[in-house]
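> With these hints in hand, go ahead and build the complete structure from the sequences.
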Amino acid sequence: MKIFRAIGLTLLFLLTTLSSSGAAEADLRAIIAKFATAADFSETGVIVRELTATGDPAVERPLAALAEGNLYIRAADSMVFVGKEASDSIQLFDPLSGEAAGEASADDLTQIGVNNTLRRTIRDALGTLTLGSKDPTVRIAAADTMFKTPDAANIEPLDAAIASETVASVKALLEQARGASILVSDKPDADKLAAIALIGARGDRNAVSLLTSVEANASGAVKEAATAAIASINSTLAFWDAGQNIWYGISLGSVLLLAAIGLAITFGVMGVINMAHGEMVMLGAYTTFVVQQVIRTSFPGLFDWSLVIALPLAFLVAALVGLAIERGIIRFLYGRPLETLLATWGVSLILQQAVRTIFGPTNQEVGNPSWMSGSFDIGQLAITWNRLWILVFALLVFGVLLYVMKRTPWGLQMRAVTANRRMAASMGIKTPWVDALTFALGSGIAGIAGVALSQIDNVSPNLGRGYIIDSFMVVVFGGVGNLWGTLVGAFSLGIVNKFLEPYAGAVLGKIVVLVLIILFIQKRPRGMFALKGRAVEA
Amino acid sequence: MRGNFAKITKILSAGVVAAGLLASASAKAAEDTIKVGILHSLSGTMAISETTLKDVMLMLIDEQNAKGGLLGKKLEAVVVDPASNWPLFAEKARELISKDKVAAVFGCWTSVSRKSVLPVFSELDNILFYPVQYEGEESERNVFYTGAAPNQQAIPAVDYLMSADGGSVKRWVLEGTDYVYPRTTNKILEAYLKSKGVPAEDIMVNYTPFGFSDWQTEVSAIKKFGSAGKKTAVVSTVNGDANVPFYKELGNQGIKAEDIPVMAFSVGEEELAGLDTKPLVGHLAAWNYFESVNTPENKKFIADWHKFIKNNKRTTNDPMEAHYIGFNMWVKAVEKAGTTDPDKVIDAMVGVSVPNLTGGYSAMMPNHHITKPVLIGEIQANGQFQTVSKTPGLVMGDEWSDYLPDSKDLISDWRAPLSCGNFNVKTGKCGGKGTN
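Heads up: the sequence lines are chains A and B, in that order.
The working numbering puts the first sequence at residues 1 to 538.
The working numbering puts the second sequence at residues 1001 to 1436.
No wet-lab data here; the hints were simulated from the structure.
This one's a predicted model, so the numbers in the text were calculated from it and none came from an experiment.
Worth double-checking, as some hints may not be accurate.
Said to hold, decoys possible - Below, in silico cross-link-like pairs of lysine-lysine (DSS-like), each with a Cα-Cα straight-line distance of 30 Å or less:
#1 A:34 <-> B:1390
#2 B:1390 <-> B:1426
#3 A:84 <-> B:1256
#4 A:510 <-> B:1074
#5 A:34 <-> B:1278
#6 A:84 <-> B:1299
#7 B:1390 <-> A:84
#8 B:1196 <-> A:223
#9 B:1067 <-> B:1115
#10 A:148 <-> B:1278
#11 A:223 <-> B:1230
#12 B:1170 <-> A:223
#13 B:1035 <-> B:1310
#14 B:1170 <-> B:1223
#15 A:34 <-> A:84
#16 A:148 <-> B:1194
#17 A:187 <-> B:1230
#18 A:171 <-> B:1224
#19 A:510 <-> B:1115
#20 B:1223 <-> B:1256
#21 B:1224 <-> A:510
#22 B:1224 <-> A:223
#23 B:1223 <-> A:148
#24 B:1223 <-> A:223
#25 A:187 <-> B:1231
#26 A:223 <-> B:1231
#27 B:1256 <-> A:148
#28 A:171 <-> B:1223
#29 B:1170 <-> B:1224
#30 B:1278 <-> A:84
#31 B:1336 <-> B:1073
Said to hold, decoys possible - Label pairs and their calculated CB-CB ranges:
#32 A:358 <-> B:1294: 32 to 40 Å
#33 B:1359 <-> A:238: 51 to 59 Å
#34 A:357 <-> B:1430: 44 to 52 Å
#35 A:84 <-> B:1307: 28 to 36 Å
#36 A:25 <-> B:1299: 37 to 45 Å
#37 A:156 <-> B:1382: 34 to 42 Å
#38 A:354 <-> B:1066: 27 to 35 Å
#39 B:1359 <-> A:57: 37 to 45 Å
#40 A:371 <-> B:1083: 36 to 44 Å
All C-beta atoms, glycine included, are put in the ideal place defined by N, C-alpha and C.
Below, the structure is given as structure tokens:
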């Protein structure tokens, strides 16, 4: 097969300037028509390789369609088409020219199946075919694919591509891909040593992966050089690993902060043990789901804005429910923590079951807007966009809340009521309404946390359950009644957890963290940042 | 407040009395019906999976009644809610058998709930149909296992990954939720992989708690493990809610199925319903049934289901098929025995064969497990699975794994004269022990 590919690729680079003749097109059509008779994946794979071997750039369209499962056979005449799903039928296009060729119902078409192995074959094939693309990002993808699947036959086309490459960064990647191909070829050791130096400088996991397989198969100087290169990459990677753990810790901390910050108000400031806090988070997530449903059906263009639209709505929904709970139940139970605990636990069950009845017990799909999908690299550190945005968002919410508490008249009244209720009442503050609004604020903030958490977790009636324990842990650990304590508590728990996880595993890690917290609370019962003053004793 | 509470209690007790009256009234009306117990959680964490099974049972019972019932009597479903609470499963099972006098019970999802009801079923001598794939190492006289044993799911899945079609995988990550099913399955798989010559350093085992949602460290560890120059795959026994964040993290960290495929044993159509599957295309699952299977039986089943549940978007899944098979087997065995008496039905069950939904027949074996085809499917962009491999014949459920030292000599045969669930062929005695 390698020979086929080598010949094909040489042809490709000889013929790129020439347009394919009519005869060549007929040949391609004959090969494509064979898809209709392929009995299994390996036969389809043979046809794919045959198509690649022609080296004609025109095969990109049918191959890409096949990889995505969009290549169909029409039952009536065994013709092969690229299909695009429309509302209730499938639109057909010619596999080579891409011209529209009518439409057919799904029952009259057979989809050509692909599996992972085929997808890989096609990806590798497209890599070599798209090396001469005008778009640099396509060339980068091609270089990347060829680096991961090195092949001695790739050296020649890569040489040609490097010679004509103008963008320095793409050129570097192409040279690394060439180096990778040299390592698996039978070139002299001097070339291989140069290639190892080149790849060693790349310094990422893919380089380690390649060098490890080289190390296993080589001998003498090449083997030694590979071993040395792996060791040097691994020592750099160890450094990045530590950075990665810190980032993961910060990211987990931001999730904990978001989940706990509403509780820092209702439990921390007001002293209400609110077991229904998690359900407020869940209501926020369901609001996001409903908003996305409406956007999907009525305004598909606004999808990227769905979270921004959901934020105020989630705040309102959760705040209103919170207000109803405070007015309807909690206000009768102030000063009776045990009854509050049981009553709010009951409320949480009612809310869960209500959501289950309305939306069903299954998970609901909440999509990621495009700006929250995927990841980017800083050095060897992959940072996912959704985690980064959640961190930014958590800090933003924290900042706004801090401002409200410390700099607005409402915040002042809230703090006054918590510090000394009777004194505040005698100063003319309507304490019942301050209580109600404070509880609504805490619940509303839990609601907007739900919008963010819907991006990383299940949107199901049980969503809140997973966060309630962690939230209490953060608030108690940080110091009840202190917002800064919640911030520091969330991030330190997150980082400690993520540093333990790689060594102890997720299960044991969590247990160790809990034990540490118990010991800490024994030593400092009021948490890290305890409130001081007479109010605490009251 | 006290006054209010007193009032509430009064109303409540009145309600309870009224409900009691209603129940006794319906009990009288139902004397010439056959009762079927449904023991699935309708609230709590497992409601996400089990509610669907309750609905499918109601549908099957409705259909049977439309066909004229069973032994000339109508069937009547008795639904209870064990609320994802394992001890409550045992209580509710007792209630179904002693109070409601059901002829058979269809229920349970998690292994721990099954273990919790086992003593009740053997004490009160009734029948349980258990529809979920499980870890094996068990065979009880009163239980019929219609889900897959490890050799009907895990072993063929690993075989597929080792084959050229599956990518000739050389390095394995066994990722699971920390409870009995993943731990036992992974123990079997580890022994199996080692018997196939996989060295210990090429196997990584990791467990996470139930409902785990922060997968960053685990996914990056998988990435790291996968960069050792050998083809790597993940075998996932991650259960329930933890799957969605797991797959989201895989997608975000850019782990493609072509590079490191994830083979899951607990992810079906229902679990994928809460996910955007475009980044997951090509990741795998091993089951005995997929909604996408193209047979007339399956098309009819899906159409009936959509009509019954009044929602064309609801998916079907493997445990639903297991209940379909189990219920039809029970109906056939009752007809064969001419009575619903559990003792006689248990004896009549062995050898009963009914059509499954994938175009063949499933038969009840003497070890109370059934024969099934094994399908490997790849996730598609529309949230369905595309079958990429199917075992040529039916696979018989093997309750005692051949790969575990404690259970390799055990067999189960509930036919007379052996009538033993754990017969040790080495010592020739009934009563060997498994790993549990």
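> Give a verdict on every hint.
Hints, verified against the model:
1. At roughly 24 Å between alpha-carbon atoms, residue 34 (chain A) and residue 1390 (chain B) fall within 30 Å of each other, so this suggested pair holds.
2. For the hint pairing residue 1390 (chain B) with residue 1426 (chain B), the CA-to-CA distance comes to about 34 Å; that exceeds 30 Å, so the pair is violated.
3. Restraint check for residue 84 (chain A) and residue 1256 (chain B): the C-alpha separation of about 23 Å stays at or below 30 Å, so the hint holds.
4. Restraint check for residue 510 (chain A) and residue 1074 (chain B): the C-alpha separation of about 52 Å exceeds 30 Å, so the hint is violated.
5. Restraint check for residue 34 (chain A) and residue 1278 (chain B): satisfied, since their Cα atoms lie roughly 28 Å apart, inside the 30 Å limit.
6. A threshold of 30 Å between alpha carbons decides the hint, and for residue 84 (chain A) with residue 1299 (chain B) the separation of about 24 Å falls inside it, so the pair holds.
7. Annotation: proposed proximity of residue 1390 (chain B) to residue 84 (chain A) holds, straight-line Cα distance about 28 Å (limit 30 Å).
8. About 29 Å separates the Cα atoms of residue 1196 (chain B) and residue 223 (chain A), which keeps this hinted pair within 30 Å; it holds.
9. Note on residue 1067 (chain B) and residue 1115 (chain B): the hinted pairing is violated, with a Cα-Cα distance of about 35 Å set against a maximum of 30 Å.
10. For the suggested pair residue 148 (chain A) and residue 1278 (chain B), the alpha carbons sit about 23 Å apart, so the restraint of at most 30 Å is met.
11. A threshold of 30 Å between alpha carbons decides the hint, and for residue 223 (chain A) with residue 1230 (chain B) the separation of about 17 Å falls inside it, so the pair holds.
12. Proximity of residue 1170 (chain B) to residue 223 (chain A) is assessed by CA-CA distance (about 22 Å); at most 30 Å being required, the pair is judged to hold.
13. Under the criterion of a C-alpha separation no larger than 30 Å, the hint pairing residue 1035 (chain B) with residue 1310 (chain B) is consistent with the structure, at around 25 Å.
14. Distance restraint check for residue 1170 (chain B) and residue 1223 (chain B): the Cα-Cα separation of roughly 15 Å lies within the 30 Å cut-off, and the hinted pair is therefore satisfied.
15. Restraint check for residue 34 (chain A) and residue 84 (chain A): the C-alpha separation of about 21 Å stays at or below 30 Å, so the hint holds.
16. A hinted pair counts as satisfied when its Cα atoms are at most 30 Å apart, and residue 148 (chain A) with residue 1194 (chain B) qualifies at roughly 28 Å.
17. Between residue 187 (chain A) and residue 1230 (chain B), the direct Cα distance comes to roughly 23 Å. Compliance with the 30 Å bound is thereby established for this hinted pair.
18. A hinted pair counts as satisfied when its Cα atoms are at most 30 Å apart, and residue 171 (chain A) with residue 1224 (chain B) qualifies at roughly 27 Å.
19. Restraint check for residue 510 (chain A) and residue 1115 (chain B): satisfied, since their Cα atoms lie roughly 27 Å apart, inside the 30 Å limit.
20. For the given pair, residue 1223 (chain B) sits about 11 Å from residue 1256 (chain B) by alpha-carbon distance, which is consistent with the 30 Å threshold.
21. For a cut-off of 30 Å, the pair hint linking residue 1224 (chain B) to residue 510 (chain A) stands: about 22 Å separates their Cα positions.
22. Distance restraint check for residue 1224 (chain B) and residue 223 (chain A): the Cα-Cα separation of roughly 22 Å lies within the 30 Å cut-off, and the hinted pair is therefore satisfied.
23. Taking the CA atoms of residue 1223 (chain B) and residue 148 (chain A), the gap is near 14 Å; set against the 30 Å cutoff, the hint holds.
24. Straight-line distance between C-alpha atoms of residue 1223 (chain B) and residue 223 (chain A) comes to about 24 Å, which keeps the hinted pair within the 30 Å bound.
25. A threshold of 30 Å between alpha carbons decides the hint, and for residue 187 (chain A) with residue 1231 (chain B) the separation of about 25 Å falls inside it, so the pair holds.
26. Taking the CA atoms of residue 223 (chain A) and residue 1231 (chain B), the gap is near 21 Å; set against the 30 Å cutoff, the hint holds.
27. Restraint check: the Cα-Cα separation between residue 1256 (chain B) and residue 148 (chain A) comes to about 13 Å, which is no more than 30 Å; the hinted pair holds.
28. Our distance criterion of 30 Å between C-alpha atoms is met by residue 171 (chain A) and residue 1223 (chain B), whose separation comes to about 26 Å.
29. For the hint linking residue 1170 (chain B) to residue 1224 (chain B), the alpha-carbon distance of about 15 Å falls within 30 Å, and the restraint holds.
30. The suggested pairing of residue 1278 (chain B) with residue 84 (chain A) holds, with an alpha-carbon distance near 16 Å, which does not exceed 30 Å.
31. Annotation: proposed proximity of residue 1336 (chain B) to residue 1073 (chain B) holds, straight-line Cα distance about 15 Å (limit 30 Å).
32. Range check, residue 358 (chain A) to residue 1294 (chain B): Cβ separation about 34 Å, and the 32 to 40 Å hint holds.
33. Checked against the hint of 51 to 59 Å, the C-beta distance between residue 1359 (chain B) and residue 238 (chain A) comes to roughly 54 Å, which is consistent with it.
34. Checked against the hint of 44 to 52 Å, the pair residue 357 (chain A) and residue 1430 (chain B) passes, with Cβ atoms roughly 49 Å apart.
35. The hinted window of 28 to 36 Å between residue 84 (chain A) and residue 1307 (chain B) holds, with their beta carbons roughly 31 Å apart.
36. Judged by the Cβ atoms, the range 37 to 45 Å given for residue 25 (chain A) and residue 1299 (chain B) holds: they are separated by roughly 40 Å.
37. Checked against the hint of 34 to 42 Å, the pair residue 156 (chain A) and residue 1382 (chain B) passes, with Cβ atoms roughly 41 Å apart.
38. Checked against the given bound of 27 to 35 Å, the beta carbons of residue 354 (chain A) and residue 1066 (chain B), roughly 33 Å apart, stay inside it.
39. One distance hint, 37 to 45 Å for the beta-carbon pair residue 1359 (chain B) and residue 57 (chain A), holds here, with the actual separation near 42 Å.
40. As the Cβ distance of residue 371 (chain A) to residue 1083 (chain B) is approximately 40 Å, the hint placing it in 36 to 44 Å holds.
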